[in-house]
Amino acid sequence: MPRKLELNKPHIPLRRLVYATLAFSISMAGISGQAQAGCAGPIAKDAAATSVSMGKSIVSAGLLITQAFIELNDSLTRYANQISNDDQNMVKTQQSLSDRVSVQDNAGTVGQARAEVAQQFIPSKVVCGIVSQQQRMNATQVSYAATRTALQTANTSFSNNGPGSGAERGTLQAMNTGFRNRCDRYANPATMNAPAAINCPSPAADPALRDLDIQPWKALLDPIMFSSASRKLAAEDAVKMLTELAPPDPIRGNVLLRSEGQNLHVMRMRDVTRMNLARGVLEDIVALRAADPAVAGGKSRLATYIELITGQEYNPATNSLSGQLQVIMAAGEQENAAVQTISARLATQQALIFELLRLGEQITMLDATALAIKVERSRSSGASVSARPISN
Amino acid sequence: MPVTCNLPHKKPARQLLAQPARKLVLAAALVAGVAAPLPAQACPAMLMGFATASTGTITAYISSMSMAFSAGYIRFSDAITRLANQGSNNEQSRNKSDTARSDKENADVTAVSVGSARAEIAQQFIPSKVVCGIASSQLRVASTTPNYAAVRRSMATNNTARSLNGPGSGAERGSLQAITTLFTNRCNRYMDTTIPGMIPTGLTCPGPTDANFRNLDIQPWRSILQPLNIDTPELKQAAADTVIMLTEPAPPDPIRGPMLARQEGQSAAVMRLRDVTRMNVARAALEDIVAMRTTAALCATGDNSRLARYVELITGQTVSGNTVSGQMSAVASAGEPENANVQAVAARLASQKMMLVEMLRLTDHWITMEAVSLAIKTEQTRGGAVSVSARPISN
Numbered sequence: 001m002p003r004k005l006e007l008n009k010p011h012i013p014l015r016r017l018v019y020a021t022l023a024f025s026i027s028m029a030g031i032s033g034q035a036q037a038g039c040a041g042p043i044a045k046d047a048a049a050t051s052v053s054m055g056k057s058i059v060s061a062g063l064l065i066t067q068a069f070i071e072l073n074d075s076l077t078r079y080a081n082q083i084s085n086d087d088q089n090m091v092k093t094q095q096s097l098s099d100r101v102s103v104q105d106n107a108g109t110v111g112q113a114r115a116e117v118a119q120q121f122i123p124s125k126v127v128c129g130i131v132s133q134q135q136r137m138n139a140t141q142v143s144y145a146a147t148r149t150a151l152q153t154a155n156t157s158f159s160n161n162g163p164g165s166g167a168e169r170g171t172l173q174a175m176n177t178g179f180r181n182r183c184d185r186y187a188n189p190a191t192m193n194a195p196a197a198i199n200c201p202s203p204a205a206d207p208a209l210r211d212l213d214i215q216p217w218k219a220l221l222d223p224i225m226f227s228s229a230s231r232k233l234a235a236e237d238a239v240k241m242l243t244e245l246a247p248p249d250p251i252r253g254n255v256l257l258r259s260e261g262q263n264l265h266v267m268r269m270r271d272v273t274r275m276n277l278a279r280g281v282l283e284d285i286v287a288l289r290a291a292d293p294a295v296a297g298g299k300s301r302l303a304t305y306i307e308l309i310t311g312q313e314y315n316p317a318t319n320s321l322s323g324q325l326q327v328i329m330a331a332g333e334q335e336n337a338a339v340q341t342i343s344a345r346l347a348t349q350q351a352l353i354f355e356l357l358r359l360g361e362q363i364t365m366l367d368a369t370a371l372a373i374k375v376e377r378s379r380s381s382g383a384s385v386s387a388r389p390i391s392n
Numbered sequence: 001m002p003v004t005c006n007l008p009h010k011k012p013a014r015q016l017l018a019q020p021a022r023k024l025v026l027a028a029a030l031v032a033g034v035a036a037p038l039p040a041q042a043c044p045a046m047l048m049g050f051a052t053a054s055t056g057t058i059t060a061y062i063s064s065m066s067m068a069f070s071a072g073y074i075r076f077s078d079a080i081t082r083l084a085n086q087g088s089n090n091e092q093s094r095n096k097s098d099t100a101r102s103d104k105e106n107a108d109v110t111a112v113s114v115g116s117a118r119a120e121i122a123q124q125f126i127p128s129k130v131v132c133g134i135a136s137s138q139l140r141v142a143s144t145t146p147n148y149a150a151v152r153r154s155m156a157t158n159n160t161a162r163s164l165n166g167p168g169s170g171a172e173r174g175s176l177q178a179i180t181t182l183f184t185n186r187c188n189r190y191m192d193t194t195i196p197g198m199i200p201t202g203l204t205c206p207g208p209t210d211a212n213f214r215n216l217d218i219q220p221w222r223s224i225l226q227p228l229n230i231d232t233p234e235l236k237q238a239a240a241d242t243v244i245m246l247t248e249p250a251p252p253d254p255i256r257g258p259m260l261a262r263q264e265g266q267s268a269a270v271m272r273l274r275d276v277t278r279m280n281v282a283r284a285a286l287e288d289i290v291a292m293r294t295t296a297a298l299c300a301t302g303d304n305s306r307l308a309r310y311v312e313l314i315t316g317q318t319v320s321g322n323t324v325s326g327q328m329s330a331v332a333s334a335g336e337p338e339n340a341n342v343q344a345v346a347a348r349l350a351s352q353k354m355m356l357v358e359m360l361r362l363t364d365h366w367i368t369m370e371a372v373s374l375a376i377k378t379e380q381t382r383g384g385a386v387s388v389s390a391r392p393i394s395n
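Going line by line, the protein sequences match chains A and B. Numbering-wise (the numbering used here), the first sequence opens with residue 1 and increments by one. Numbering-wise (the numbering used here), the second sequence opens with residue 1 and increments by one.
There may be inaccurate statements among the hints.
[What the hints assert, rightly or not] Computed footprint of chain B on chain A, listed as stretches where at least three residues anywhere in the stretch have a Cβ under 8 Å from a Cβ of chain B:
#1 160-166
#2 345-351
[Said to hold, decoys possible] So, partial list: chain A residues that the calculated Cβ filter (under 8 Å) puts toward chain B:
#3 Q94
#4 M267
#5 A372
Derived from the structure by calculation, the hints contain no laboratory data. We put the CB at the ideal spot given by N, CA and C, even for glycine.
When you get a sec, could you build the whole thing from the sequences and use the hints?
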């Protein structure tokens, strides 16, 4: 937009100069008229006076013009300065505008980066779910280990004819205890046909317990979690049936004073150790399925593993799973959450591989012990220790 | 948009003073008209003299005014020139400013572009806590290898010496000594003296001071499989004693000395070594499991076994003794950007490979043991040829 110079506003009083000039002309015309009247003296006098007056007017007008020019110059100078100021202000404004644009660009860039990164940190429901389940599974460790330890202690005591084990006096007592327990807990009248004198009632409260102790798949392997204390006890009795129903008679007291007795004790302990290894594998399977008694509604370690793998919830009452699968939830999540899910699932897989590693160790120990027994039996020389003459 | 100024560069004075100047010129013409010579019929000479004087005076005034007017125009022209120059200067200054501003804008745009690119790339290089944790755990697992191998080697050496009735093995003189040694050890370390009537009067059999050690040697789950860290000398001894109980509590009597001069003795020695070899296969599998759980003999506090390090690698948590605690790595990964999580996936896959190698190792053990078992079965089911020990001497 061009800027216009405002010259229409009179800073210089030129109008007064014009008026003075007109007055001078009119007076000169008057002088001419008088001269025509033929009165030389007054005319000359008047003419001189008029000339002086006109000269003064002219000088006055000249001064006014000069003053007007000075004022005009001043105006022009101010005008020029104003233009310079305006230009400077405009440049400053443009610079500050440029700075502002830069700041805005920076803010936009930072904001965009933040917005892009923000979605990386949106919590993933699936990952939270997996991690929660991993922690729940971890929490079963205490109950799992405690159950296994309790079973090992009880069964070791049973093998050692310990007090309260039901085998304190040896094999016969252990067999009697076993029969009594069968009668009370698992007897099946349809197949047993026990005489009335021996008092062998069937488990009326839960018919499903009939012969459960002799069905290891039903008692041990099928359940994800034992639904009752009776079911857990049935699993423990099934372990006994599978391993050592009746331990040998005890070796204790004075027999240990002699070498024969000490030999027998050590070899007996060897057998108990090997039996404990075999039994421990089965006890571990029981412990994996035992509910956590310390927590209301506590689930077994195996149940929490299944929940961890599927993302669903296990219902002990119906022995079934329900709820949304994690893979369905994962379908609705953004990319980083999906990557996190893969990472969490890999962590779960590692836990499962570790369980396989544990099982592998158990298999290794069983195989190793079985091999050791075979090597002992297949030795080419050397009589059995227990059969050797004492005092080598 | 360029800023223009309507100031004319040509004839500035005429334009500036257009209206008033025109009036002035008309007035001057009028003056010139009336200042013409007076009529001759009225006192011509005197009038002419006065007129001439008046005219001279007026002319002088007019000249003076013209000079003032000219000076004014000159100054006015100077002012216009300065204005024009100032306008040029302003334009130049503004152009310079525009140039500088353009440079600054370019610099700003460049800085913003670079900053934007850096901001976008920076997240790709944010160190991942999870990956650092996994990598550290992997290194910690690897660092247990020397101790793991040393424990295994030490156990294998001790047990082989025991099978061979080596000096200091407690079985130098054969089966009976081995069993006597074991009984004494049991009495001192593991005997359950709480069973009524177990220990007769006259037998020194104190049992362990720590109740947790009662019968620990005969419970392989408690002494070997259950612990993540076998970290005390007593626990290590219990694990070693359990291995003995599971495999060979009493090695046969030694075959050595003059009997090796005869064929029977030599044959018996070879067959004995065959048995020891087979027993070593079985025993080594168990020794390996113990070594996996054994901490370094002179380890600093907080050192862990190879198995405990594996647990740390899998969970991201910390193992102390047999207790696992701390934040799981899966929780930490939930707060990390995508690239870090992709890295974590890669690191976890590396961990899985490590565990699969362990599984492969176990499979090696199984295959070896199965092969030896098959060899024993084959020997036992041979159709012909009597056993070596029963053969007539000097074939």
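Hints, one by one, checked against the model:
1. 160-166: Contact hint for the segment 160-166 of chain A vs chain B: holds, 4 residues under 8 Å.
2. 345-351: holds (count 5)
3. Q94: With a closest approach of 6 Å, the Q94(A) hint holds.
4. M267: Constraint on M267(A) satisfied, holds at 7 Å.
5. A372: Where the cut-off is 8 Å and the nearest Cβ of chain B is about 4 Å from A372(A), the hint holds.
The structure is consistent with each of the numbered hints, conforming to all of them.
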